Structure formats: structure tokens, C-alpha cells
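K.L.:
These are the residues of each chain, in order.
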Amino acid sequence: MNDDSRARILARIAAALGRDSSLAASTAAANYARIARDYRAANGKSGRFILDLFVRRLHEYDAACTHVASHADLPAAIASTLASRSMARLAFVSGIPADWLPQGWDFRAAESLSVHELDRVAGILTGCTVAIAETGSIVLQSDPRQGLRRHTLIPDIHLCVVLESQIVASVPQAFPHLVPDLPTTFISGPSATADIEMTRIRGVHGPRTLHVLLVAD
Amino acid sequence: MKPEPTHWNRQDFPDAARKELAEKPSSEAPFAHSQTRRNVRNATDIIQAKRNAVVAELPEWQDLRTAGAAIRAHTLEHLDHYLLEFEANCTRNGGHVHWAADAAEARKLVLEILAPHAPREILKIKTMTSEEIGLNAFLEEHGIHPLETDLAELIVQMGKDRPSHFVVPALHKSRGQIRDLFARAMQQPHLSDAPEALTAAARDYLRQKFLSTRVAISGANFLLADTGGVCIVESEGNGRMCLTLPDVLISIVGIEKVLPSFQDLDVFLQILPRSATGERMNPYNSIWSGAPNDDGPREFHVILLDNGRSPILAEDESRQTLRCIRCAACLNACPVYHQTGGHAYESVYAGPIGAILTPQLHSMEAAQSLPYASSLCGACYEVCPVAINIPEVLIHLRGKIVEQEQSTIGGRLSFWNIAMKSAAFLMQDGDRLQAAVHLAQTAQRPLISRNGFIEWLPGMLNGWTKTRDLPALPAESFRDWWRRTRSTNPSLHPHTEQRSESCHE
Amino acid sequence: MRISLFMPCYNDALFPETGKAVVRVLERLGHAVEFREAQTCCGQMHWNSGYLRETLPILRHFLRVFADAETIVAPSSSCVAMMRDHYRKAAQLDRDPALEREVEALLPRIFEFSEFLVRRLGIEDVGARFTHKVAYHPSCHSVRSLHLDSIPLRLLHRVRGLDLVPLGNAQECCGFGGTFAIKNADVSSAILSDKVRFVLNSGAEVLTAVDTSCLMHIYGSLHRQRTFVRTAHLAEILACSDDDAEHDSALAPEQHSVSNFGRTAR
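Protein chains in written order, with our numbering: chain A, 1313 to 1529; chain B, 27 to 531; chain C, 219 to 484.
These are computed hints drawn from the structure, not numbers from a lab.
All values reported here derive from a predicted model rather than from experimental measurement.
The C-beta atom is built at its ideal place from N, Cα and C for all residues, glycine as well.
Honestly, I wouldn't trust all of these hints.
When the alpha-carbon atoms are kept at most 30 Å apart in a straight line, the in silico DSSO-like pairs for lysine-lysine are as follows [what the hints assert, rightly or not]:
(1) C:K401 x B:K45
(2) C:K307 x C:K401
(3) C:K351 x B:K447
(4) B:K134 x B:K186
(5) B:K447 x B:K492
(6) B:K426 x B:K447
(7) B:K134 x B:K235
(8) C:K401 x B:K426
(9) C:K401 x B:K492
(10) B:K45 x B:K186
(11) B:K492 x B:K45
(12) C:K307 x B:K426
(13) B:K447 x C:K307
(14) B:K235 x B:K186
(15) B:K426 x B:K45
Quick look at which bits of chain C chain B covers, simulated, 3 or more residues with Cβ under 8 Å [as the list claims (entries may be wrong)]:
(16) 271-280
(17) 439-452
Excised from the complex, chain A in its bound form (with noise of 0.2 Å):
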């Protein structure tokens, strides 16, 4: 049946619209590229401003964001950050540098975890690939920098370290960073809804908390 559906539709799609299936192929990619782009040209901001944009888009979604001043301080962050939220037992994805992990705390890899043991730690520390300053957006890919899709999941707090390098204006410079075939998710702020009254709840089924260090590099 699957087979007649297939020839079917692409059938109709061509008599629909009026030519014979092969031709798309010969003309589509000419097309394409006739598209017009300009969307692309916009949004010259740069620096200090890109900086501050992706900080206060943080606030806005109620993700919480911590500065680091080097590299070498980012131990003695993410210790005073679990510190603070009486995190015990946190969740790391195994491609960090082990340099950004402080001494004296009860450190697991993911991805040596359960899904059912995930949702026992009380967060988890990645970096990412690209941050967004026009949507407050962090970008992840499945590497070992980012773990797979379910570590950034199931825990209830995530800690993503963000290098400044890593901050571009807009959607559009985004792009050329990713890898297109790798599975990806954009992060803007916890999960949230807004299906009663259109009020805003933070966290409904992903992480409750994100918690952004942002290391100046």
C-alpha cells in the first residue's frame, strides 16, 4: 500500500502542478538560490552591546546568570553556585574540560546514567555551541561538550557554561557555527507555559532552573 500511496501523492503533487516530476530537480536549486536574503544584512551590533542584549534576555526568562572572570575562576564559580542552590549531586557531561570542576563535590558522567538515575541528580553542567544575544537563546549539539539531548533534560537544574566568544547578535549568525546533522536544541529560559490565562509559568516539564556562567574569554 505504502509504495502506491508514495507514487500517488508525488502524482498528484505534479499533476497539480501542471509538469512532469523530474523537471522540479533540473530548476529547484537555480531557485533557491534566487531567494532573496536581505533579512541576513540586518542587525549590526557587535561587542559590549551583544553582551549586555544576551544578559538581560537571560533576566527576562528568568534564567538565573553568573559572571566569571577568566577561565581559571570557573571551578570557583560553579562550586559557589552549587553551593548556594545546596546542590549535591550534580550530573557532568564527559567532553568539559576537566579543569572547570571543583574539588570536594559528588561529580557523576551522564552519560554513565539511567534515565530514572538522571532524574535523581540535582542538575547538570555543560558548555554549548553558540549563544544568542537577540533571543537570550543557548544552542546545543549532541557532542561530548553538550551531552546528549536527555542529560540537559531530565535533571531539574541545568548549569551551562558560556564562553563570551560564543555570544552572536542574531538568529541568522548563528547558523553558520552549527552542524546541521547533528541532533540540536535551542534553549531560550526554563520550560515554560502559558496555557492558563496566558500567564507565564517557569518550568513545567524541562529543568525549572538555568543557570548560565558566563566566562569572559
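Fit chains B and C to the given chain A structure using the hints.
P.N.:
Just chains B and C, lined up with the frame of chain A:
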């Protein structure tokens, strides 16, 4: 044609709308209530205001809109090519691509895919295609419980209600109504009606389901031809749960949802959230291709659903209907939707886009009253992020419906056809029109009230005078005045005479 | 400049004062106005109701009547929108290239009344005086099709003595929509009731617009509800000049109104 859930087809829009506008529920409009109208108005006002604010802050909005329209139009013109490219790339990445010509085929495919796993319960992310093919009722008939995980869909499912909006399906419900539903379904009699408490209750209710259920069903916002990718945007994280934790995922997607390239998301991830919820970006977007190693379901199926879409490609005027990215901005902007909410459209697809999409999905053989459910005010076109000229399509479809009407004797003898044909005859000659106006000036006399207005009209025209008075035709039309005062020799008529006619009596 | 006036069909029969006011304003500005008595209708009602084929003879008649008119002015944004948005497509229905050429030749010569004053003549002050509280309803076609933006408001701002009051939710449709008001009478009335609430809350004595059709619809409810708010096409306000100062009290609620809507004293 066998009726499908896209259009419940019980009654025409004017009748359904009248019942929805009533203060009290009836058997045909069980959720009609003045509270419902207030809820709809409140929600659409809030989304509209947010949408306008975040759109205004992008100076390149019109460029984005132009690009969005161009990419979607280009895709539709090469739809077969991009579907085949998607199929090849999704398959290469370990996904299974199926083609369903209609709703029955799609339901059968779902059942076949589920059979080896024999689930008693499956998880669902809000999906319009599933509503369109009536999947939930079908699964229940086969002993499988579909559990809606989107908060609004859960509210609708628990209330045995119907969605009234395709981005915020429960916008017609107040917090008090939701509390009562949850308290009963979750056996929590002391639940408060604070949105925070209701949301937390939903989180607890669904958490274990997410961690243990093996099969999920979704729709998709976009398919990406060049990577075989699927993109789903959401807010709550229920989508991510369903897309990553189960062993098996089935995505049912309309054939028109494909985009040429992953790169095109740099337009659509800007225009969709701003138009749909008035956010710069919704909390989560998931993009993946096929069945990636260890990161997501081991088994991934895409069902490409035609179900009446391909014939819509045939005409230039109507093809633009399929550009739609289901943001629902047109619903939020529509004065008709503001009054009636979604149920009056009796279709999964409500509002202005529903008024053009629903009858076309049925080859114009059902829902013929929907293209008339618009004052043609143009607010829908103005906010549409892919520039679908909905008023133009509405008029085009009205033209088809009139042709249908005129192909039958009864239709040719209908009130509207006779009235329009007669009016067209009068409008071809100034003298003819003037004679008709003179006749009407006399004929109207029995209808004029003592106050000089017409307060009651018979038959079809009574729709006007139920709530509105109509001024009587004055004794002298403009044409008569011109002829009397001007037409013999304009230069003979002094300024003073005109003034005495114009500003006071 | 010789200006040819196009009067919308319903306007001609129901609201002759609009046309008289347009003539008065344009003549006061020193222009010659003609009215071609063979004219009938722009075809909007037929087109918008789906009687597409039936629109064509009306369109052809319109083109014949105004074939050699230098400039055409219509006191209706929806008629002008019909021409600009739909005449090309209507002409294509007949597959008649000559008809399409005639349409192309017509479109640059046709103007909505307020648009003509401000964009074509470059005039905002037409020497009007009108000492009343006025609210402006930006009709759908004037905003979303002709994009008149602030043009009517700029004209109103220059009217002496006029107190312009804001109208809430102004850009939402009044619910008229031609045959929509009859085919979907209940929804149309519900939309109208919202519009009327905003009109009454504005405190205006007079509601104005560039489309008499919307005003007829809104006044239908204002009159049914026995309110004292009047409606008047923008041209009728602009037609009232200093010369009429002594007559201006004609608009007081207990008196007859500037507009033919108010033929009855209440």
C-alpha cells in the same frame, strides 16, 4: 466523501456561531458561555499585544516576511522534489518514511507501526495532523490510550472538549474551569486555581509517564529536505521528553511542511515564535534527523500525510494556503474569531486560515460556509508571517462556491443569486440604476418608522435590522441633486446654493 | 484640474450629502468637479460575494464611463481598494489584454478623497471649521489596503474648533463586510457591539471615517440604541467652513445633524 474530523460538518458557520455567541451552553455548543467569549478575547488580546511588540523591534521584519513567503512558495512549486530529498536523507540517517494519501491510510500506518510494540498507552505532543485524522478516537477503539502531554491539550482531553485554537488549544478555559477538571482527573480535591499550582500538578502527573512510556507520537513544525531533519518548537519540555526518551517515535506531518534546507530555519525560527506566542524565541526547539546514535528513539517513523493537500497546489490563488506555518497569528487578529472562538468553525483548523484550508482539504465539497465567515477586513493578511493573502483566497473560494450554486436549478433560483444577477443588470447603466432607486424610494414607504428609519426588514435582510436601523432612502439621490442643480450648465450654479445643501438643513 | 467624482452606488441613493460635501470641498479649493451620470458601481459587492463573472460587465461599464477622465476621486476607501486590489485579477478572468490595459491605465488616475487632498494636492488645511468632539474610525480598507496611515487624522487636526478624541481599539473592523453583515448577522452584530462600546466610551459627539458604509453600519446600532452620537463622512466635516459658523449649532444633539443620518430629531 466520508466525513473526516477536519470538518465536523454538522452545521453551517452562521448557525454554529449563533450558538457559540449564546450566553448559555446548548447540546450543540456545550462550551458556549459568556465566560468563554471573555476568555477568548482576553487571550487573543494578550498574544496580539506581545506579537506586535516583538515584531516592531525587528527592523528587518518585512524582509523576513518576504523571505519566508518566498521560501514557502518556492518549496510548494518543487514539492515533489523536496519530499524525495527529505525521504532520502531521513532514510540515510536511520529513519523510516511512510506516505499516507488520506486519513484512513495514516491511521492504518500508525497501527501497523505500533503492532510489534503492543503498547497500552502512548504519549502525544500537540499535533494538528493527529487531530485532522482523528487519531485519538481511533487508538482508543484499538485499546491504546493516547495521553496528551501538552498542558493545554491535556486540559482539552480531560474535559472531553475540543481544541479552539491551534497554538493555545485551551484558551477558552479559565483557571477555575481548569482547576475543577484537574481536581477530578488527578484526584486532588484541594488543588488551588493558581496557574503555578496547576502547572506543577501537570508536571507531577506526567513525570513518571515520560520516564517509562515507550512510544510517542508527534507532528512537526518543519521537515528539512537537505538533512532529512525534523524541527519541533515548543515551550514546556513535554516535546523534548517525547522526542528523546521513548524507544519509538512517530511523526505525522503534512506534505507541505518541508523546507529546502536546515539553513532556512534562520527565517522560520524568527517569524514563527514571534507570530505564534509573541516570544522572541520559544523555550525549546528540537532539530534532529532520523534515529541518531543513542541520542533519541531507536526507531523513528515519519508519516507524510497528503489528505487533500496536493490538489490545493493546482491554482495560483489557492496554493498560497499551503505556505501556512500554523502560527495562528491570523486567529488572534481576526474580529470574527474574537467573537466566536474556534469551535464555531467546526474544524480542526479554525480562524481565517481554517476558513480557507478546511473546505479546500475537502475539494470544496464540505464546509462551504467557511469562506463567508469573514468581513474581509484584512487583519489576517497583515499579520501573516508568510504573507498569505487570506482575503484574496476567501474571495477566490467564494467564486467557486457561487459556481457550484449556479450549476443547480435551486441555486440559480436562490435569493442571493437572483439578487446579485438583478443588481449586476442595474449596474450596467446609470439610467437603469436611477430608475431602480426611484422605484425603491416609493416601495420603501411601508417599512419606514415614524422616526424616519427602517427598523424591520423581511426575510434574509432581517439579519440587518435585528440589531441595526437603516436610514430610509432620502427623496433625492445625489444623482438627482446633480441633475437638478448642475447638469444643464454647471457654471450657472453659484457657490451659495451648494453650501445650503451641504452643511445644514 | 478637472476632477471626476465617483460616488459609490449606495452612497448615491442613501447618503447624497457625502457627495455634495466632496463637491463643495474640491470647488472651494478651486477645482472643477464633474459627475458622469452614466456611472453606477465599482463591482465590489459582486466580487467580494463570489459573483466574479458578474463583476465583469460592471467593471467594463466603469472603464467606459471614466475612460477619458483626467482624475477620479471617490469618497470611499473600499471602492478604491476594490479597484487597486482586484481589478487586475478581474480583468484577467476574461483573458482580454485590451481590458487589462484599460485597467492599468485607470489605476494611476483614481484616488480616495482624503488621499487625493493630502498626497496628490499636498493640502492638509482645507479651511474647515467644526466645533465638536470627533472620533475617527480608521476603516479596514483605508488602513490595510490603501495604507492611508495618518492622512485623515492630519486633515482633522487642521479643522478649526474640532476636538479630536481617541477611539479605543480603533483598527478593529466594525463588522460590516458587505453581505457578511447579513449572511453572518449574529457575528457581525457582536463585532459591532464592541465597536459601539468604544465609540460611546470615547465621548465623541460625532464619529467620522472615510467610508460611509462602515458609518452606516455603526450608526445603525447607535440609532437603534437611541444614543446621541452622530456619524459623518470626513468630507462632510471638511465641507463645513468659517462661513457656516452661525449654522454650526445645527449639529447639537437636539438639532438636525450635519449628516443625513440625523434627519430625525431625538
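K.L.:
State for each hint whether it applies.
P.N.:
Hint by hint, here is what the structure shows:
no. : hint            : in the structure
1   : C:K401 x B:K45  : 15 Å, holds
2   : C:K307 x C:K401 : 25 Å, holds
3   : C:K351 x B:K447 : 43 Å, violated
4   : B:K134 x B:K186 : 24 Å, holds
5   : B:K447 x B:K492 : 26 Å, holds
6   : B:K426 x B:K447 : 16 Å, holds
7   : B:K134 x B:K235 : 25 Å, holds
8   : C:K401 x B:K426 : 17 Å, holds
9   : C:K401 x B:K492 : 13 Å, holds
10  : B:K45 x B:K186  : 19 Å, holds
11  : B:K492 x B:K45  : 16 Å, holds
12  : C:K307 x B:K426 : 15 Å, holds
13  : B:K447 x C:K307 : 21 Å, holds
14  : B:K235 x B:K186 : 21 Å, holds
15  : B:K426 x B:K45  : 27 Å, holds
16  : 271-280         : holds (count 5)
17  : 439-452         : holds (count 3)
This entry does not satisfy hint 3, going by the numbered hints stated previously; all others are met.
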